[in-house]
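Residue numbers (the numbering used here), protein chains in the order written: chain A, 65 to 437; chain B, 65 to 437; chain C, 65 to 437; chain D, 65 to 437.
Since the hints were derived computationally from the structure, they do not count as laboratory data. Do not rely on the hints blindly, as some may be mistaken.
Covered stretches of chain A, going by a simulated chain C footprint (3 or more residues, C-beta under 8 Å) [unchecked claim]:
#	region
1	71-79
2	306-320
A few chain C residues facing chain D, derived, Cβ under 10 Å [what the hints assert, rightly or not]:
#	residue
3	ILE70
4	LYS74
5	GLY272
6	ALA296
7	PRO433
Even glycine gets a Cβ: it sits at the ideal position worked out from N, Cα and C.
4 protein chains.
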Amino acid sequence: MTEIEIGRGKRGRRAYSFDDIAVVPSRRTRDPEEVSVSWQIDAYHFDIPVMAAPMDSVVSPETATALGKLGALPVLDLEGLWTRYEDPTALLAEIAGLDPVLATPRMQEIYAEPIKPELITERLRQLREGGVTVAGALSPQRTQQHWKTVVDAGVDLFVIRGTTVSAEHVSGRAEPLNLKRFIYELDVPVIVGGAASYTAALHLMRTGAAGVLVGFGGGAAHTTRKALGIHAPMASAVADVAAARRDYLDESGGRYVHVIADGGVGTSGDIVKAVACGADAVMLGAALARATDAPGRGYHWGPEAHHSELPRGLRIELGTQASLEEILFGPGRQADGTTNLVGALRRAMATTGYSDVKEFQRVEVVVSPYLGQ
Amino acid sequence: MTEIEIGRGKRGRRAYSFDDIAVVPSRRTRDPEEVSVSWQIDAYHFDIPVMAAPMDSVVSPETATALGKLGALPVLDLEGLWTRYEDPTALLAEIAGLDPVLATPRMQEIYAEPIKPELITERLRQLREGGVTVAGALSPQRTQQHWKTVVDAGVDLFVIRGTTVSAEHVSGRAEPLNLKRFIYELDVPVIVGGAASYTAALHLMRTGAAGVLVGFGGGAAHTTRKALGIHAPMASAVADVAAARRDYLDESGGRYVHVIADGGVGTSGDIVKAVACGADAVMLGAALARATDAPGRGYHWGPEAHHSELPRGLRIELGTQASLEEILFGPGRQADGTTNLVGALRRAMATTGYSDVKEFQRVEVVVSPYLGQ
Amino acid sequence: MTEIEIGRGKRGRRAYSFDDIAVVPSRRTRDPEEVSVSWQIDAYHFDIPVMAAPMDSVVSPETATALGKLGALPVLDLEGLWTRYEDPTALLAEIAGLDPVLATPRMQEIYAEPIKPELITERLRQLREGGVTVAGALSPQRTQQHWKTVVDAGVDLFVIRGTTVSAEHVSGRAEPLNLKRFIYELDVPVIVGGAASYTAALHLMRTGAAGVLVGFGGGAAHTTRKALGIHAPMASAVADVAAARRDYLDESGGRYVHVIADGGVGTSGDIVKAVACGADAVMLGAALARATDAPGRGYHWGPEAHHSELPRGLRIELGTQASLEEILFGPGRQADGTTNLVGALRRAMATTGYSDVKEFQRVEVVVSPYLGQ
Amino acid sequence: MTEIEIGRGKRGRRAYSFDDIAVVPSRRTRDPEEVSVSWQIDAYHFDIPVMAAPMDSVVSPETATALGKLGALPVLDLEGLWTRYEDPTALLAEIAGLDPVLATPRMQEIYAEPIKPELITERLRQLREGGVTVAGALSPQRTQQHWKTVVDAGVDLFVIRGTTVSAEHVSGRAEPLNLKRFIYELDVPVIVGGAASYTAALHLMRTGAAGVLVGFGGGAAHTTRKALGIHAPMASAVADVAAARRDYLDESGGRYVHVIADGGVGTSGDIVKAVACGADAVMLGAALARATDAPGRGYHWGPEAHHSELPRGLRIELGTQASLEEILFGPGRQADGTTNLVGALRRAMATTGYSDVKEFQRVEVVVSPYLGQ
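For reference, chain A alone in the conformation it holds in the complex (with noise of 0.2 Å):
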């Protein structure tokens, strides 16, 4: 690792995002219809490697539902309106119509609402009915106290989803989750992150999880960056956190964790960066939020965006694009990386000569940083 001086008392690696790196063709070329984008993790497989993000704007009962169908895995946030409320219907309208201006306190208040076992066990109910595989997810700090609820009422994938999430959380105030003996004892896969430095992502692996999101504070990159200074750029973080699969591959004697990228994943041309940098799936937020038929309505935010005493995201008004199908697989109608995600990542792979998502880890690429239009 090059390490470069930034004065003499203090050594950094330099970092990349995905925006400073392409991927370059270089050998044969091959038909997008034999390219292979399907993805297994666990007992469970999916047509394409998209999970999406357990948020309001993007998850709700309905659209995972129908993200299933399409293929990908999507993530019910236990966290969020659909546990704290009967109907949240009129909420989610109420917040897409909010004044920018009111929108953190009206949104800080909707929050304060507290979340109920029982809306947890029939959120999961309804996603098995909906006959897809039923992933939900909660934060480190809510982990002890529902997951019981949660493996009662029946998941298939368990997501441990943070901004940050390490193996050792150090507290004085409470008995904090020991993760590796949660996931011992729980019956079912669990995915667990963000973790965003080969470190912190072998510490995870050590831990028992099927899988790790790479990643830090998903797509408020921008205000993460502003507020607290930290930043994870994702194609060296995803690039860190596949080497560390790899290490813990041999160190374990074969146990495969698989490398999600969750955050920073805005276009399909980020989806191409994210698998080529070593990823094996890509956890989508706002690209989905942009759907018509996402729940967000236009609008897309995070945890960050109303907590109650550090807000570092914001309610984003992402306008709205097409259908989710439209989304994932097209037709494409914007030449801007938002729409068919699947379909260009399938052109990139066979543009470069790859036949599925884990043979295109290893495709080349260059840096060149990407200045602006």
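Add chains B, C and D to chain A, keeping to what the hints say.
Then chains B, C and D, alone, in the frame of chain A:
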């Protein structure tokens, strides 16, 4: 080659665009009048090292004649409007008048009309009657279907042009084009591309091509990067392919394959830099589409603009600026590198003391990223 | 240190600003509540590692009291309006209301009023009555003239602050301030700066200073660069001075000189990065001038703004945003790093698993230039 | 010299502009009043290291007198309006009033008027009468034709200035100017350029020149880069030529050739950086054309603006800002480096502890690209 570590699991080269570099004068100077910018490929001699791109907004039978007389090598798109319609004049006017919102679907409709072999024959006849070197282009996908018509009609140079073309295309659906056998059996010199790397270009050279087009996706680089995550920074790509030319020259015992920069060549400065990086000639699209007498009437589009499922380029409004002759030979009216392209090349060569294009490939360059105005 | 060849006759180091770097989480996490951000310099303890800059738009006797109670260390400018006028309240209001075109000449006029020793005495008395640590600042040029008044009136910490301060000032006009002897003879701890390099800071440390301000020209970095060609990118400057602290600690057999980042610290993210590069505390100007209860009423200016011959800074309109308390401790209302500065620092430390400011100086950082939005 | 691989077939140096670098204070400080900024070339002494560019928007016989009295070295363009017209005052006013669209053709028309030898004689007489050092400039193309007139009329310093000037110009049309013999035979010291590299400058020094102008294309760098692909980043160019000066000093056994930065020197910060890279003086164009008493009346243009075939520069509207005296010596009214140029240089030298221009060439610089505002 210096490789950069993007993260522990991935390395990539630093690659440079034309905007990242510049030519520096460092030795003698010379009179612009004593500089030769002529170019010869196979038996064909051209006064200027310029090919006109096979795009309906650039080359029609009429502008082909004009461009040929000005010393350039125009290439007619044999899959464009001129081989689909008896008289596409009204359609060209319609496209120029389309509302931006409706342009893509209407263009998809217009280009849905089948290609007619008899029109291929007719157009090539028109070119020959115009008294210029006859060059037509097919995509790799359609070459098998139409090449015989083309050859029977008679061409001087045959161009196979796609966003990326490899010597080895893998397809289970159809027998892919065996470029090597195809070129061997054909009686006319073939120019083929885009290729964006040393290896891809070397393989194309080994098929027997007379020239290799360097680039990926032509002028649509911005959207290609957003949509496909693919980008081939042109300064690096041309320099790589020029190295393949040198190595192939040795390997083949003396066969000189021409390197033609095709993409990212928007201003006279870019032409200068393309040659400085090793190009023998450049393929111009938008730069010529700006002509008052170009068929696009101030608009410009490539085959990507009407791809049925994944549109990656757009119909771009360029406006019109000057006649084809003024664009190539001045007098310059703007100081922005869009008129008197050949005069600028001549002056850059004179200022740095070089007397022909081949020699100018050795000019000194610096890396100095251009950050906006 | 890696030196870059600018040209054959000149070499220079690559230097980094806070925008060029970011902190990355890489190990355990921790509860924000269990993080300590306290700071101690000499005998004085502060709950937060924040000094308020000696500028009329930031510190008045009134806000000094408020800031002290919030745990910060406010420094009163002893050459500002409060020592020139009996009651500058009306003038502060006038400055805030000045037409931009007329602001500079009128401010030059207002600041032409002489400094009155009796007002120095009076202001320091007011600070002491406010019950906070008493700290006042003079420029190096005026220290000789006024220090006795200051010391007689009684201060806890004496600050000598200029755009750049060196241990050795050469002047033929007047006997320059011999910093070493001055500090030795003085009974109070001295904080001195700006210094922007290892050598300059080491020399200042050797004078006996208790703390060194790192920076050049404070917030006016942009105009300083344009006007003087001088720029001290802060990440590199802080890291350099932190190395001087470490080396001086060894050389002096254990004297720990505090490093205070003074300039370029505009957001909570910058505070995080300053500490990550080795700062013990930060000096805040504009960040606090944005307070509704700051004396600048939404405007901010430094001594450069009214320099009689070479104005390098401007009276900047910042607008008002939140109370001093909210700016420091939240609740955050904006997600842009301008409110809840201390909460953000706390969270960044917790997220990366560090428990105090000194330890957090070792956090991992990456170099990843921030290119606009 | 570090070379970068652009691609396998091409390497190039990384080159830096003034915007890429900055001066850093690192040792003692000094009183601005004790700094000397004087400059001596051959027998001529100047209070400030500033030449005024031979451009009609900057130097007229009248401003030459004024500038000379202010301590600068003004150079009259002997191919401009003043040697083409008996009284060009009305034409200068007309140019300032031209509609932007029509400016280029009308200026081409105005400058089509032939140069009159008797006016050269007359203008040089006027300069001499003004009591200042008499300096006039010709382009390399016209030097053969007019030098005798110039020398007979009497000049103190003879300037040969083109976009790029080489010691060896190749021409089949006419006997090119043999610079070495010309300078040897001439009785007056010659300043010649632009040169932008070590080699080019060294060759010019060997012709016997008293000074070398460093740069390419003056202020029109942006358009030169777009149109010709040529760019000589000034920090690197000046540092290279300064190294040639040092090497030539040794080779010649002690002849010191002055290095004058000519291009890219737009603000006082740029003057500081030019000297920091090794310049003995700077040639100012736009910086002086902004004067209320400059002949351009708020407009600025160079010979490129009316080149008959390849206009590369434009008539730029700069507006007017302050008198020549204020621009050079203040008081500063803007904080953007456009007024009090000499005061800023003085202050930068004082702040870093240097006492004369020659010594200041050794000041420490950092590389830190300036991105934005």
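Now for the hints, and whether the structure bears them out:
Taking a C-beta to C-beta cut-off of 8 Å, the region 71-79 of chain A contributes 8 residues in contact with chain C, enough for the three needed, and the coverage statement holds. Counting residues of the region 306-320 of chain A whose CB falls under 8 Å from any CB of chain C gives 0; the rule of at least 3 is not met. A hinted interface residue such as C:ILE70 counts as satisfied when its beta carbon comes closer than 10 Å to some beta carbon of chain D; here the least separation is about 5 Å, so the hint holds. For C:LYS74, the interface hint holds, the least distance from its beta-carbon to any beta-carbon of chain D being 4 Å, beneath 10 Å.
Annotation: interface hint on C:GLY272 violated; nearest CB of chain D at approximately 18 Å, more than 10 Å. For C:ALA296, the interface hint holds, since its Cβ comes within 10 Å of a Cβ in chain D; the closest pair sits about 5 Å apart. Taking 10 Å as the C-beta contact cut-off toward chain D, the hint placing C:PRO433 at the interface holds, the least distance being around 7 Å.
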